[in-house]
Amino acid sequence: MQTEDFIYSYGGQTLSGIQLIHEGKIEKLIFLLHGYKGDAPSNFDFGKKIFNSIPQSSVFIPDGIKPIPFFNDEHQRQWWDLDESSFEGKMCSFMPYYAHGEKRKLIDQMSKNIHKTALFLNNFILNQIRKYGLNLSNCLLMGISQGGMTAFEMVLFCKELHHDNQNNFLGALVIIGAGIIGADRLRSDHYSIPPVPVLLARAKYDEIFPKTVDYFSYSLLKEQNIPVVLKEVESVHFGLEHNACHEICRFIKDYF
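What the sequence shown shows, in this note's numbering, is residues 52 to 307, in sequence order.
Calculated directly from the structure, the hints in this document are not laboratory data. Some clues are possibly wrong.
[Unchecked claim] Calculated lysine-lysine pairs in the DSBU-like style (CA-CA distance at most 30 Å, straight line):
{"no.": "1", "residue 1": "Lys154", "residue 2": "Lys167"}
{"no.": "2", "residue 1": "Lys282", "residue 2": "Lys255"}
{"no.": "3", "residue 1": "Lys88", "residue 2": "Lys262"}
{"no.": "4", "residue 1": "Lys88", "residue 2": "Lys117"}
{"no.": "5", "residue 1": "Lys154", "residue 2": "Lys99"}
{"no.": "6", "residue 1": "Lys154", "residue 2": "Lys210"}
{"no.": "7", "residue 1": "Lys262", "residue 2": "Lys304"}
{"no.": "8", "residue 1": "Lys156", "residue 2": "Lys141"}
{"no.": "9", "residue 1": "Lys154", "residue 2": "Lys141"}
Use the sequences and the hints to build the structure in full.
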């Protein structure tokens with residue numbers, strides 16, 4: 052196993068992180084997005100487990116795009132501005148018109164913030180595909196918590212990962228303890244999502260995202276004819292990625 056630091060710049064934004072690389076020809080690319088307050092080193096051990104389960108692969112573990120301002124710590128990062136004091140996990144994967152006015156405004160703003168980040172990260176993925184001479188079907192996207200919310204946005208509400216020049220679409224999506232922000236958008240006519248296999252890994256005792264989040268996500272993805280697997284494991288929210296690793300690796304083996 053080789054490890055390298057990487058830096059990618061596009062549209063005035065910069066992405067840095069750690070890349071794990073198998074020797075020989077690379078045939079699979081995995082992109083792993085950490086959760087709120089994490090960074091690439093905090094996800095390294097989990098990334099290495101995924102890396103070891105996929106031969107001839109390279110795993111990219113990027114740092115969140117920006118540090119969380121009030122922590123004054125470069126290692127506590129986020130993918131988009133998230134206000135812990137107003138965020139509630141139950142706001143994910145439900146129809147925003149059921150929320151009261153202030154929550155609807157918050158969901159709308161989060162959707163906009165997530166979308167900007169998603170477009171940037173999708174360009175990074177396409178750049179790596181070109182670099183390695185691969186296609187979308189050779190790529191797997193994985194996100195934890197805030198990274199999972201971001202990964203949902205990248206696949207469901209951005210078109211870059213839907214089809215490439217050979218009409219391939221993203222190989223698989225793994226969501227670990229997260230839901231969909233602005234889920235009602237899926238019922239508009241603007242989105243036609245290819246059948247990307249999706250794993251929803253949830254913690255039985257998740258203290259942030261209640262089980263209704265995952266059940267709603269599952270139902271909504273089924274409604275869109277997306278093949279989806281829901282796995283619940285004995286875990287709380289933090290550390291779910293390690294507790295669900297066996298199920299994640301099984302899904303990857305079966306679908307990717």
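Here's how the hints hold up against the structure:
1. A distance of roughly 20 Å separates the Cα atoms of Lys154 and Lys167; the hinted pair therefore holds under the 30 Å criterion.
2. Between the alpha carbons of Lys282 and Lys255 the distance comes to roughly 10 Å, so the proposed pair stays at or under 30 Å and holds.
3. Only pairs whose Cα atoms come within 30 Å are accepted, and Lys88 paired with Lys262 is accepted, the gap being roughly 23 Å.
4. A distance of roughly 10 Å separates the Cα atoms of Lys88 and Lys117; the hinted pair therefore holds under the 30 Å criterion.
5. At roughly 38 Å between alpha-carbon atoms, Lys154 and Lys99 are farther apart than 30 Å, so this suggested pair is violated.
6. With a CA separation close to 27 Å, the supplied pair Lys154 and Lys210 stays within the 30 Å bound.
7. Of the pairs offered as hints, the one joining Lys262 and Lys304 holds, with about 26 Å between alpha carbons and a cut-off of 30 Å not exceeded.
8. The suggested pairing of Lys156 with Lys141 holds, with an alpha-carbon distance near 15 Å, which does not exceed 30 Å.
9. Note on Lys154 and Lys141: the hinted pairing holds, with a Cα-Cα distance of about 11 Å set against a maximum of 30 Å.
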